[in-house]
Amino acid sequence: NAGVMQNPRHLVRRRGQEARLRCSPMKGHSHVYWYRQLPEEGLKFMVYLQKENIIDESGMPKERFSAEFPKEGPSILRIQQVVRGDSAAYFCASGQQGLNTEAFFGQGTRLTVV
Amino acid sequence: QKEVEQDPGPLSVPEGAIVSLNCTYSNSAFQYFMWYRQYSRKGPELLMYTYSSGNKEDGRFTAQVDKSSKYISLFIRDSQPSDSATYLCAMSQSTGNQFYFGTGTSLTVIP
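Protein chains in written order, with the numbering used here: chain W, 1 to 114; chain V, 1001 to 1111.
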């Protein structure tokens, strides 16, 4: 019974490169949330997606960040032209029926921009 | 004012103690309340999920919600060293698309 799978667990990118973070939700879950966690800070909402649809991207920076959840395959969080300030832990959570049911988190991807 | 306030601690207790963790919030529209446990460099693990006011018990864990005071609590009975982690509260509205998290309370249970 696999949980939410995120890969890679650790990602190092040079400034200006692109980062791609992947999230496979739990089996049967069609709702995915991405959160960012900085040291000493709580989890900050970025984007909420259902299959093939972005429902709410109000927490995502307008530039350089994008997310998708295709009909087949994992959800992808893409950061273009990374900067040092993008260094953080990025967590994906999935749920079965949307916000008002339990959401289960993956182990996260720790992005380091050098 | 933050949507959700949580004392960061750190909190240190002896093994077997009862632990009380708390969060306050400002948005009266919050209806769903969760507690997550996060070990160092791991993802948050869902511990408790409650709707509206009241108590919910699961093993050594009890979650309480007092909507009139905008205050939620997590109690851990007979605390164990393996309970040492950061505990995050989270909440959401019946409409809306995100969970709002506290910053987490760091707990250490000393053997």
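A hint or two may mislead.
[Claimed, not checked] No more than 25 angstroms apart at the CA atoms, straight line, and that leaves these computed lysine to any residue pairs for SDA-like:
no., chain 1, residue 1, chain 2, residue 2
1, V, 1002, W, 88
2, W, 44, V, 1081
3, W, 27, V, 1002
4, V, 1042, W, 52
5, W, 51, V, 1096
6, W, 44, W, 66
[Claimed, not checked] Every beta carbon over 12 angstroms from chain W, so not counted as near; a handful from chain V, in silico:
no., residue
7, 1042
8, 1078
9, 1092
10, 1104
[Unchecked claim] Chain W is faced by these chain V residues, among others (derived, beta-carbon under 7 angstroms):
no., residue
11, 1043
12, 1098
13, 1102
In short, the hints are calculated from the structure, not lab data. All of these numbers come straight from a predicted model, not from anything done at the bench. Even for Gly, the Cβ is constructed at its ideal location relative to N, Cα and C.
Verification of the hints:
1. V:1002 with W:88: Status holds; Cα separation ~21 angstroms.
2. W:44 with V:1081: 29 angstroms, violated
3. W:27 with V:1002: 34 angstroms, violated
4. V:1042 with W:52: Outside the cut-off at roughly 28 angstroms; violated.
5. W:51 with V:1096: 18 angstroms, holds
6. W:44 with W:66: 16 angstroms, holds
7. 1042: 6 angstroms, violated
8. 1078: 25 angstroms, holds
9. 1092: Violated: least Cβ distance 5 angstroms, not greater than 12 angstroms.
10. 1104: The assertion about residue 1104 (chain V) is violated, with a minimum of 6 angstroms to chain W.
11. 1043: Since chain W brings a Cβ to about 4 angstroms from residue 1043 (chain V), closer than 7 angstroms, the hint holds.
12. 1098: Cβ of residue 1098 (chain V) sits 4 angstroms from chain W, so the hint holds.
13. 1102: 6 angstroms, holds
The structure does not agree with the numbered hints 2, 3, 4, 7, 9, 10 stated previously, though it agrees with the rest.
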